[in-house]
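S.K.: Use the sequences and the hints to build the structure in full.
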Amino acid sequence: MKVLTTWLREYLPGLNVSDRQLADDLTLRGIAVDGVFDLNGAAGADLGANDSLFEMDITTNRVDAMNHYGIAREAATIYGLMLNPLETLLPAAKPGPGHPVRIEEPALCGRFTARVLRGIRVQPSAGIIAQRFALLEQKLISNAVDATNYVMLAIGQPTHAFDLDKIEGAIVIRRARKGERLKTLDEIERTLDPEDLIVADEKKPLALAGVMGGWDSRITPETTNVLVEAAWFDQISIRRASKRHLLHTDASHRFERGADFNAPPVASAMVSRFLLESGGHIEGDFIDVVIPEVEARTATRSSISFAVSEVRRILGPTDDPEGITASTAEGILAGLGCGLQAQAGEIYDVTLPSWRLDLEREIDLIEEVARVYGYNRFRNTLPAFAGSVVELPWAEKESVVRHTLLALGWTEAISSTFCAAADAELFAPQPNSAVAMGNPLNEEAGMLRPSLLPGMVNMLALNLNRDVEDAALYEMGTAFSGSTEKVDERPALAIGATGRAFGSADVDFYDLKGSLESLLAKFASRSLYFDALLLPAWLHPGRSARAALDGSTVAYFGQLHPAEAERRKLKQPVYVGEIYLDRLYKQALGQPVARELSRYQAVRRDYSLLFPDSVSWAAIEQALNGLNLVELRSFAPSEVLRDAKSERIPAGHFSLLLGAVFQSNERTLREEELQQFSRRVIDALEAVGGKLRAG
Amino acid sequence: MSEDAIPQLSGYSEAELDRAFAAISREVAASAAGLQTPEAVEQFRLQWVGRKQGRLKAISDAWLKSAPASAKKLIGQRFNTLKAEIEQRLDAADSTKHDGAFHADAIDITFPGGRRNPGSEHPLIKTLNELVAIFQRMGYSVGVGPEVETDYYNFESLNFPPGHPARDTQDTLVVANQDRKPLRDRLIMRTHTSPVQIHTMEQQPPPVRIVIPGKVHRNDAADATHSPIFHQLEGLCVDDNITFSDLKGTLDHAMKELFGSSVKTRFFPSFFPFTEPSADVQISCPFCGGKGCRKCKYSGWIELLGCGMVDPSVFGFVAQKQPAYDPKMISGFAFGMGIDRIAMMKYGITDISLMYSGDLRFLEQFA
Ligand SMILES: [Zn+2]
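Protein chains in written order, with my numbering: chain A, 1 to 695; chain B, 1001 to 1367.
Careful, some of the hints might be misleading.
[Unchecked claim] Under the rule of at most 27 Å between Cα atoms (straight-line distance), these lysine-lysine pairs were calculated in the DSS-like manner:
| no. | chain 1 | residue 1 | chain 2 | residue 2 |
| --- | --- | --- | --- | --- |
| 1 | B | LYS1083 | B | LYS1057 |
| 2 | A | LYS203 | A | LYS166 |
| 3 | B | LYS1073 | B | LYS1052 |
| 4 | A | LYS522 | B | LYS1126 |
| 5 | B | LYS1073 | B | LYS1083 |
| 6 | B | LYS1181 | B | LYS1321 |
| 7 | A | LYS513 | A | LYS586 |
| 8 | B | LYS1321 | A | LYS486 |
| 9 | A | LYS486 | B | LYS1181 |
| 10 | A | LYS513 | A | LYS569 |
| 11 | B | LYS1126 | A | LYS586 |
| 12 | A | LYS397 | B | LYS1215 |
| 13 | A | LYS486 | B | LYS1215 |
| 14 | A | LYS397 | B | LYS1126 |
| 15 | B | LYS1181 | A | LYS178 |
| 16 | B | LYS1264 | B | LYS1291 |
| 17 | A | LYS586 | B | LYS1215 |
| 18 | B | LYS1295 | A | LYS2 |
| 19 | A | LYS2 | B | LYS1297 |
| 20 | B | LYS1072 | B | LYS1052 |
| 21 | B | LYS1126 | B | LYS1295 |
| 22 | B | LYS1256 | B | LYS1291 |
| 23 | B | LYS1126 | B | LYS1297 |
| 24 | B | LYS1181 | A | LYS243 |
Note that these hints are calculated values from the structure, not bench results. Quick caveat, the model's predicted, so the values are computed rather than measured.
M.R.: Below, the structure is given as structure tokens:
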């Protein structure tokens, strides 16, 4: 909102601070001045000159300050100045009855005033209106229309001027009838809703009440007789109509935030004064229909009790050791237009100004005291600590997962909460469990992500498209499932890698498996195994696995299905995985326990064997574990050769160099013992299909 | 000067002796310059400490002979030091001789190292964790809440009545098929983390002191500083004696911890339906110290968060489930800050969408 300081100063003759100071003081009291623009022209501008334009940002609760008079009232409170009264004096009317007005919806229209002016001349605005509109860059239309806009800018009360000769009979404020139509001033022909409140005559709708006037009854150059409307409409009804017709106007903006019930007669007089400058006269009585029930809940609403002790309880100490005293509070509230009646013990009975419908409760008055007193005059204190710090049950686990992945070389990323429908279907852990959005951001964001994989695959694709060929990313976040009736949320983790993310070789299945093993090792478990059961459709069926911790599936991972990679035009294989953090978080974190270290020599033995391709490492591992040989400390494949062209490896076989370490905690192992252990190892390996190779 | 010439002493004061010995030390250093071959080492050894014509002995003999008794000790000490220096040089040359073979295996140590890069922490998560840690040190617990909320928790219980203009400032993304439900039960993406205030209080009687970080969504057009997805940190403190000055002190302290102790805060009246009084908080620009720079748009101040005293109506909604939240007996404050904005400020990020892109070129800068 734009405000002219010369206009403010018209209402505040005693104001003797600079525009800059005024801007700062208003801003500190919540009437925010975002910009101060000197109107004295750029060349040789006098910075001290008090002729500026303020760009203001008034919060939605302060409709009373969305006009010049309202801001002047704030300034008057800040500086303790008198506010000039508004000029409302009118010439005498030609006697006669006023224009009849009938309110059929008293709950929605609490007040309606009508004044008839005859013999006026519609012409371009001149004088102060033209001058100020130019500075505000407000479009000039005609003296009649400009006068209503000027009064809105002056005191915030919307008014409307009708061409009286287009009105047939009494003014009726009623709801629209089904199918009724109205062409509004924006030249749009609208079909009215039975919920719409309209200003009509006996025959037809004239205006969408409080939102916009009608085209047919507008002021034209030929207009000579005018009916000036100034009214009070209910907030919610105006807001609904404005939303229904997608029509947000200056008038609806004010009404839906709560207008001043006492303003219509003032506004009507101000508009009429401007119009009569071009000639003409007032005819008949001023009609002012007031609905007492509405007046009683607005202008004359009940007083509220206000205790200074509550001010201190809520606001606390100030830099001034005396704090907020009764007289300070009294001065501030009176300045804002409240009436204060002292009761016992610094308690007041407070009547509230008609223009401040936002003031309803004691806390509203406490806020006013704090605001006008100045927030920055309160001390900075720290509350005494009571109670204990409660950690989220899985905060530590989340931190362990994050730091393990970072240490393993995975970079954290954050992707969209939403995904495309096709991705939701592909990546959802359960079929048909993804939840659709009602007003998606775009067509690729139609669903709540059922997994973090859609985002992960998109992020990998983005990197590849930008020639970042080596990437290892993870994302921790929420995945959604359920239905539009009930949405379930779970903590989820996705990983994705491609290229030489971890060194000189391309990422493969074992890089993901290794990272997962390291990660899962942080959690206490009795068993961890990997298999290829029930792999989801997004995975390469031959290069993927399921990880199960204590029998519960905690992850699926592997190469993204080549068909999927091709569909997304990925130029190289990518490996992805989903880790079900909700299940992982059910496991406790592992608690390290120190074990006894052997003081005796460890002996390493290597075995070279040939196996048929059908024998898996898992079978070999199982066979050796099955020996229950405590002295077999560890074993691992040191070399695997599957080269079919090699003469030394028959087709359909692979050679394995297995390293095993034997050690006892009790004694140095003797050669004959070692030979016996080796024999048992070889027997076990041969039992699963191995053949010891010569040499 | 001839190699064989014995230098003359100009006197026997310590300063004069030091000068004389420094000159010999320079001579030693000069003749030790080219000790690459075993022959050169042997030559150096013979020249200085050779049993017959060793120069060191020659000088020592000459100087000590003519010296008064009182100076003999001072000269002797200095000769010992010089001798040690010569032996050290011989030792060094000697080990060079032994390691000579390894020189053939020398590597180019200027090649890049075999770097093992840890992953990079996301700047947003880094900032979020920092903020959370600050409040944990001040005795705050950490909470979470759902990202899909009902209208009741996102708006109504926070004192945004149905049809209230304040709702216009937070355009919502709604879950499909909500139209036939009563307004309060409709599912939407939470537009702020404030609903967790209500959840927390409904579950736990006062005192409460909690921060809740989380993802929020608004149906806003994206630009360099706006994303429909962003993150907030919500804070809530309720007890029987919490004041507006406690709110000021708490946030002043937190901002000083985050941006440094010289940062100042100032509070402006604002409006949020769920707090009263409400305030916007500015911090003095940590980049220019308040003098004015590009980051603070030359104002010296940066607006960073919104806060206020919990509105009694909010306690009223909560009290339906937790009667202990009687606004006559307790009071509290709440605050909320945009983590994205703070992260962008801290790290000089100019486009918010980079944070949600997964672009590794962006992310790896924060390793
Ligand atoms: Zn700055």
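S.K.: Each hint needs a verdict: does it hold in this structure or not?
M.R.: Hint check results:
Annotation: proposed proximity of LYS1083/B to LYS1057/B holds, straight-line Cα distance about 10 Å (limit 27 Å). About 11 Å separates the Cα atoms of LYS203/A and LYS166/A, which keeps this hinted pair within 27 Å; it holds. Between LYS1073/B and LYS1052/B the alpha-carbon distance is near 24 Å, which keeps this suggested pair within the 27 Å criterion. In summary, the hint linking LYS522/A to LYS1126/B is supported, as the alpha carbons are separated by about 22 Å, within the 27 Å threshold.
Under the criterion of a C-alpha separation no larger than 27 Å, the hint pairing LYS1073/B with LYS1083/B is consistent with the structure, at around 15 Å. Straight-line distance between C-alpha atoms of LYS1181/B and LYS1321/B comes to about 23 Å, which keeps the hinted pair within the 27 Å bound. For the proposed pair LYS513/A and LYS586/A, the alpha carbon gap of about 21 Å is at most 27 Å, so the pair holds. Distance check on the hinted pair: LYS1321/B and LYS486/A sit about 22 Å apart at the alpha-carbon level, within 27 Å; holds.
Taking the CA atoms of LYS486/A and LYS1181/B, the gap is near 12 Å; set against the 27 Å cutoff, the hint holds. At most 27 Å may separate the alpha-carbon atoms for a hinted pair to count; LYS513/A and LYS569/A meet this at roughly 25 Å. The suggested pairing of LYS1126/B with LYS586/A holds, with an alpha-carbon distance near 26 Å, which does not exceed 27 Å. A threshold of 27 Å between alpha carbons decides the hint, and for LYS397/A with LYS1215/B the separation of about 20 Å falls inside it, so the pair holds.
Straight-line distance between C-alpha atoms of LYS486/A and LYS1215/B comes to about 19 Å, which keeps the hinted pair within the 27 Å bound. For the suggested pair LYS397/A and LYS1126/B, the alpha carbons sit about 17 Å apart, so the restraint of at most 27 Å is met. A hinted pair counts as satisfied when its Cα atoms are at most 27 Å apart, and LYS1181/B with LYS178/A qualifies at roughly 26 Å. Only pairs whose Cα atoms come within 27 Å are accepted, and LYS1264/B paired with LYS1291/B is accepted, the gap being roughly 13 Å.
For the suggested pair LYS586/A and LYS1215/B, the alpha carbons sit about 23 Å apart, so the restraint of at most 27 Å is met. A threshold of 27 Å between alpha carbons decides the hint, and for LYS1295/B with LYS2/A the separation of about 26 Å falls inside it, so the pair holds. Between the alpha carbons of LYS2/A and LYS1297/B the distance comes to roughly 21 Å, so the proposed pair stays at or under 27 Å and holds. Under the criterion of a C-alpha separation no larger than 27 Å, the hint pairing LYS1072/B with LYS1052/B is consistent with the structure, at around 23 Å.
Pair hint LYS1126/B plus LYS1295/B holds up; C-alpha atoms about 21 Å apart against a cutoff of 27 Å. Of the pairs offered as hints, the one joining LYS1256/B and LYS1291/B holds, with about 18 Å between alpha carbons and a cut-off of 27 Å not exceeded. Distance check on the hinted pair: LYS1126/B and LYS1297/B sit about 25 Å apart at the alpha-carbon level, within 27 Å; holds. Distance check on the hinted pair: LYS1181/B and LYS243/A sit about 20 Å apart at the alpha-carbon level, within 27 Å; holds.
When held up to the earlier numbered hints, the structure conflicts with none and fits them all.
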